[in-house]
Amino acid sequence: MVAHAVLVLFLVATVAFFILNVLPGDPAAVVAGIDADRATVERVRVSLGLDRPVAVRYAVWIGDLTRGHLGTSWTQREAVEELLRQRMTVTLRLAGLGLILSILIGMTMAFLSFLGRFGHGMIRFLEYFFFAFPQFWFALLLLYVFSFQLGWFPMVGMHGRTPFLLPALALALGNGAIISRTARASLREVLRGRHVLAARSLGIPEPRIVLFHVLPLAIVPVVSVAAIQAGYLLAGAIVVEQIFSLPGLGRLTLTAILQRDVPVIQGAIVVFGLAFPLLNALADLVVGFVQPQLRYGRNR
Amino acid sequence: MRGATTVIQGLTVSLGERRLVGPLDLELKGGGVLGVVGESGSGKTLTLRALAGIVPEGLHALGGGVPGSALVFQDPGSYFNPRWRIGRSLQEVLHVVRRVPVSQTESAISSLLNDVELENDDAELFPFEMSGGMLQRAAIAMALATEPQLLLADEATSALDPLTRDRILTLLCRVAREREIPAVVVSHDLESLSSVADGIVVLYNGIAIEEGQGSLVVATPRHRYLELLLKSRPCRETAGRVLPEIPRGESETSQGCPFAPRCPNADGRCRTEMPRWAGSSSHRFRCHHPAEPQ
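In order, the protein sequences belong to chains A and B.
Sequential numbering of the first sequence, starting at 7, is according to my numbering.
Sequential numbering of the second sequence, starting at 21, is according to my numbering.
If you are wondering where the hints come from, they were derived from the structure by calculation, not from laboratory data.
Any given hint could be a false lead.
[What the hints assert, rightly or not] Computed from the model, here is a short list of chain B residues facing chain A with C-beta under 8 angstroms:
{"#": "1", "residue": "P102"}
{"#": "2", "residue": "E112"}
{"#": "3", "residue": "L180"}
[Stated by the list, open to error] Which stretches of chain A does chain B cover? Using the computed rule of at least three CB atoms under 8 angstroms from a CB of chain B, they are:
{"#": "4", "region": "188 to 195"}
{"#": "5", "region": "198 to 208"}
All values derive from a computational prediction rather than experimental measurement.
Built from N, CA and C at the ideal position, the CB exists for glycine as well.
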């Protein structure tokens with residue numbers, strides 16, 4: 007598991023480095039500014055270390071990475087890992103809340119779909135609706151209705167008590183639809199299972215059957231899907247952060263892209279790349295907890 | 021209620037207008053084992069489900085739903101919550117259904133396991149760690165944990181090897197006798213069943229066509245269907261030819277004998293008139309042209 011994550015990290019770091027360093031254009035000129043003369047650009051180039059060959063710069067990048075250093079921002083003159091760390095909390099809180107909301111929304115929808123034919127049709131429509139529209143559209147819609155018209159939430163930035171609720175909701179609707187679809191299929195499968203019939207015939211009350219005999223089995227595929235979705239939630243956070251003017255990783259990355267601040271872009275790519283194996287490992291742990299078969303070899 | 025006889029009268033299961041089982045009269049003696057025999061599709065499982073009161077959605081059952089009945093299924097592996105150790109599953113039934121305080125469930129679990137000839141340590145196993153025979157014993161323990169008034173076994177032995185099958189059948193009979201509750205055991209294995217069951221009912225298309233003491237029914241089958249069924253064991257000479265196939269396209273006769281469309285001895289009367297019960301109280305049958313006892 008760890009070896010896997012390290013390999014992914016190394017590959018992501020390598021690809022990020024080479025893509026950014028073969029891009030056309032002169033980063034030194036951008037950093038020095040439009041009006042800068044040739045001598046200034048050269049001075050900037052030397053101070054950024056861009057006069058050294060690509061191989062040397064790659065070796066330095068990987069070497070720094072093993073020590074947990076991601077380089078220094080060209081525009082802000084600060085350690086990249088420090089910049090990322092400051093912005094990370096905002097994005098993690100946003101994506102985390104988004105994940106929780108999407109699981110709540112998805113599971114609620116899945117359960118409601120079992121309440122009769124009308125409920126089923128309604129939920130299927132909602133699933134398509136939530137899934138078909140992009141996150142930024144929901145973000146704008148929510149912002150318009152709840153902040154602009156109703157005034158329940160702040161329009162921009164980190165004000166008020168719940169600055170994350172609306173953006174997280176905008177993130178969560180599409181993912182909730184995917185989770186609902188997965189959960190619906192899996193619930194239907196488990197409910198048809200013989201052990202449910204058996205529990206019923208033995209006289210176990212229905213709420214207890216759903217809670218202890220159906221739900222723990224039905225959430226296995228949901229956990230796997232949610233882990234994959236969590237990665238996309240991080241990516242979606244970039245866009246939604248912009249709309250809600252939240253100072254997260256997304257805004258840092260976007261600003262860095264516009265300013266050609268290569269070390270910050272590289273650092274952001276590595277952080278996002280690392281999120282996927284970490285989330286998958288987390289999902290494996292949860293699934294292992296739910297399914298005793300998978301724990302078997304290790305326990306005895 | 022112990023030792024008492026439960027009489028089931030006019031048990032039917034229907035799908036809309038179509039009657040799948042019955043009307044069926046069954047006498048369930050406390051401590052006695054009733055074997056229900058028939059080929060696939062004869063309504064054995066539906067009969068049991070109707071007795072337990074859990075027929076599949078869309079079907080309509082009358083005359084069943086015996087309170088306090090417990091089912092044992094054919095495939096015991098899928099009978100258990102796969103996340104729980106056997107002991108936890110037993111505890112669930114004891115605590116939630118029987119309201120035994122959790123502190124007292126441990127002794128109850130070990131006595132149940134002993135009843136079905138399992139070890140105390142087996143409570144620590146997950147269902148996927150047990151063999152078919154062990155699982156079926158555990159499934160019987162689950163059923164017993166509810167303190168049932170009626171024990172129902174649906175093809176409980178069909179997936180087992182012959183030796184284990186006889187052991188499980190004997191076990192079912194023993195626990196029913198010890199608890200003085202009736203048991204209904206459904207199987208297509210007439211021979212094994214007749215040796216342990218007190219009574220046998222032979223079903224064809226959901227209708228009882230012959231019933232009585234197991235040994236008598238097997239030794240001297242009177243209904244033509246049962247006679248042919250007993251002869252139709254796999255064998256090179258007669259392979260697949262003893263019991264005629266169900267003729268396609270022919271609608272099931274609603275008034276006559278259900279076996280008439282397939283019966284080599286059938287005449288016009290068989291197709292229009294359901295035979296009355298004949299024979300003695302220990303062995304009776306419904307056939308216009310019964311086989312002569314040899």
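We went through each hint and held it up to the structure:
1. Checking B:P102 against chain A by beta carbon gives a least distance of about 7 angstroms; that is within 8 angstroms, so the hint holds.
2. At a threshold of 8 angstroms, the smallest CB-CB gap from B:E112 to chain A is about 7 angstroms, leaving the interface hint in force.
3. For B:L180, the suggested interface contact is broken, since its CB lies about 17 angstroms from the closest CB of chain A, more than 8 angstroms.
4. Taking a C-beta to C-beta cut-off of 8 angstroms, the region 188 to 195 of chain A contributes 0 residues in contact with chain B, too few for the three needed, and the coverage statement is violated.
5. Proximity of the region 198 to 208 of chain A to chain B, defined as three or more residues with a beta carbon under 8 angstroms from a beta carbon of that chain, is established by the 9 residues found.
The structure is inconsistent with the numbered hints 3, 4, although it conforms to all the rest.
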